[in-house]
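> Starting from the known structure of chain A, fit chain B onto it as the hints suggest.
2 protein chains.
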Amino acid sequence: MTVQTKKQYEELNTKTAVSYLINLGLIKTDEETTVAEIGDGNLNYVFHIISQTTGRSFIIKQALPYAKVVGESWPLTLDRARIEASALKEAAKVVPELVPKVFHLDPDLALTVMEDLSHLTILRAGLIAGNQYPLVAEHIGKYLAHTLFTTSTFGINPQAAKKLAVTYSNPELCKITEDLVFTDPYFNCETNNFEEHLTPRVHELWQDKELKKEVAKLKHLFLTKSETLIHGDLHTGSIFVSETETKVIDPEFSFYGPFGFDIGAFLANLIMNLIAQEGHQQDSEQKEDLQNYLLDTIEKTWDIFTSEFKKLWLAKSIEPFSELEGYVEEVLTDIWQDALGFTGCKMIRRMIGLAHVLDVDSIESAEIRLRVQTSIINLGRKLILERKQIGGVLELVSTVEGAYS
Amino acid sequence: MTVQTKKQYEELNTKTAVSYLINLGLIKTDEETTVAEIGDGNLNYVFHIISQTTGRSFIIKQALPYAKVVGESWPLTLDRARIEASALKEAAKVVPELVPKVFHLDPDLALTVMEDLSHLTILRAGLIAGNQYPLVAEHIGKYLAHTLFTTSTFGINPQAAKKLAVTYSNPELCKITEDLVFTDPYFNCETNNFEEHLTPRVHELWQDKELKKEVAKLKHLFLTKSETLIHGDLHTGSIFVSETETKVIDPEFSFYGPFGFDIGAFLANLIMNLIAQEGHQQDSEQKEDLQNYLLDTIEKTWDIFTSEFKKLWLAKSIEPFSELEGYVEEVLTDIWQDALGFTGCKMIRRMIGLAHVLDVDSIESAEIRLRVQTSIINLGRKLILERKQIGGVLELVSTVEGAYS
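Protein chains in written order, with the numbering used here: chain A, 2 to 406; chain B, 2 to 406.
Do not rely on the hints blindly, as some may be mistaken.
Each pair may be met inside one copy or between any two copies, as identical chains are not told apart.
[Said to hold, decoys possible] Taking lysine-lysine pairs in the DSBU-like style, the calculated list, with each CA pair at most 30 angstroms apart, reads: (1) K218 to K94; (2) K218 to K102; (3) K311 to K288; (4) K210 to K389; (5) K176 to K383; (6) K312 to K210; (7) K94 to K69; (8) K288 to K164; (9) K317 to K90; (10) K317 to K176.
It should be emphasised that the hints constitute simulated quantities derived from the structure, not laboratory data.
Extracted from the complex, chain A is given alone in its bound form:
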């Protein structure tokens, strides 16, 4: 006989957020605290709580039972809080320095108490502001290699992987990606959201059968290629940085998916920022410097990813076939081709689909914006169609250079 009791879900407020930490023993009743809700209110509450007495601070992130986007509201599973906190803990097993500490998960209230990272900057904002983060490539390359290898059938036995895949089954959030990344932008859908001036290019794209067939295949991979526990939404808005630190946050879209998906998301967002610099940097020398930094970051991320992946493969693979000469290289080629395809999909959807990137939308000049948007769509298309021909990261770098220079 199993008896389960479940607390009733209720939304926290600034008062109950503090009481929650007191109940957990993380702060004491007599400490003086300041608290602010700093979330965007669309999907989650984010409470930032500081004890003025001890100087310690915490984040409470609480999932809301709905998603609000452009005025619409639809129900969304609270289970994503469990998924997010569990994925952070899973990552902390291998790269504890690259994710926030999780102090507590409350699945009934759909909330997680975690490390306060407000001393860091969101990578997207930092890049838009023209900053450079010298360690981000190394950190993200390492994050990708270690998280992706470890939960794959190369890193753990397939039975354990299959059990994890059940734990991380995440159909509702997968559906968001399925629709907004892989479907809607290629059809005349209500969710699409593009500027008037892009209409002719978008209409072309809806007729582009060659492209659509390749997107269909990439969508099928997203839906069925259950290789490893992925972050699922690794754009530059999911990464906190400073000169010395990098922290990956928000893995609520985690599920067992293709190796190449997180890599593609990260590369896509670097590339979009790079092309958008056209609209942010007045000084051409500064612009070139930033763009070179971004190209370098793309190159280094992939290089670090592959070298770390190969190290793990040699040291830790539990797959008897992994000793075969050339096998890891073929696995990496497959990952690379998928990653390029996903990069292209992520780029196109940010120009046409529901969710945009500030890197592009914040460009004031409509003329430059159109040029940037068109370059991103065209490059995205090229990466999707030529993903099996672009033989390595240097070829990607020169393809990207060709798209804006």
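Only chain B this time, still in chain A's reference frame:
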């Protein structure tokens, strides 16, 4: 608050099997019954119960908490009874005429009460005896198309597919296939089981890096390509036939796997029987006739599968991209290439690995047996290595012909 009660598992015997049916109301207390346990006792009990009073008969299949193979015994999940009965019911939604009726599932006792099919013959036995079943290709082609299409993300929405994938998560039985089909035969493993005279060929194979790398990739597909609910063990011993009927049984290995796996299993077992006819048919005309029938069955199975699959695609696909010209053909090409690879793996493992096929083992002449075994291994290897070059089923047919003639 959830309260669950669970019955204690206990093995049935011929007495309690009858009482079980009485309790279900399927037979009445005063009916005269005969009962026999007809399972092989390695994995399951199979009780065959006939009411002499009404003439009705039933099968009770009960999973045993262990597997016995060549004297070894290891624990094996009872959950496979639930998986098997559920998969039969899932198939019955689309091809009720091609699976046994399930009257009752008892997950606690790990047993299923189902239709008695003892008027039919196991296909493997029928083929070894030299019989031909004119409808089996059509039936199995249809079974494959309908079961595989319907639970894929083309047939149901991906969210429903993801939920089914959790329901059918089957790590323990997948491990058996992973080890016995995709790993052990390629290494000097204790589970291997091959005749002395094959030793030189097997040693060559263990050194065959080209082959092993391709097997490694096919293994990775088996482990990660979660496309649709597959039977998981569709050899000719899992199919009951007569001149007019075909019934697929025993889907206890079901899980979300690659489209091509069941097709490969079926083709492999037809091909092995075909090559083994060398050792069964004395009369060369009769042999040729049988082999032509088998070649024809291979061809027709694939043709029916593709034509049914395309019909379903046109009529029922829920995937917006499925309207794209040429997309279904590319999906079928991918299925074909995987199927050929799995065909090869299934052939090799039956010669070298733990579980053999009677088609070959029952050949009396050691000389012919060696020739047949070697042909099967060589053809298996060829199919694995050339799976992307063998462009269609006619090319497969001529490749198979080349292997024995």
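> Take the hints in turn and mark each one as holding or not.
How the hints compare with the structure:
1. K218 to K94: Answer is between; shortest inter-copy Cα gap is 28 angstroms, intra-copy 33 angstroms.
2. K218 to K102: neither (37 angstroms within a copy, 37 angstroms between copies)
3. K311 to K288: neither (35 angstroms within a copy, 52 angstroms between copies)
4. K210 to K389: both (18 angstroms within a copy, 24 angstroms between copies)
5. K176 to K383: within (25 angstroms within a copy, 40 angstroms between copies)
6. K312 to K210: between (41 angstroms within a copy, 22 angstroms between copies)
7. K94 to K69: Answer is neither: 33 angstroms inside a copy and 38 angstroms across each miss the 30 angstroms cutoff.
8. K288 to K164: neither (48 angstroms within a copy, 48 angstroms between copies)
9. K317 to K90: within (20 angstroms within a copy, 41 angstroms between copies)
10. K317 to K176: between (34 angstroms within a copy, 20 angstroms between copies)
This entry does not satisfy hints 2, 3, 7, 8, going by the numbered hints stated previously.
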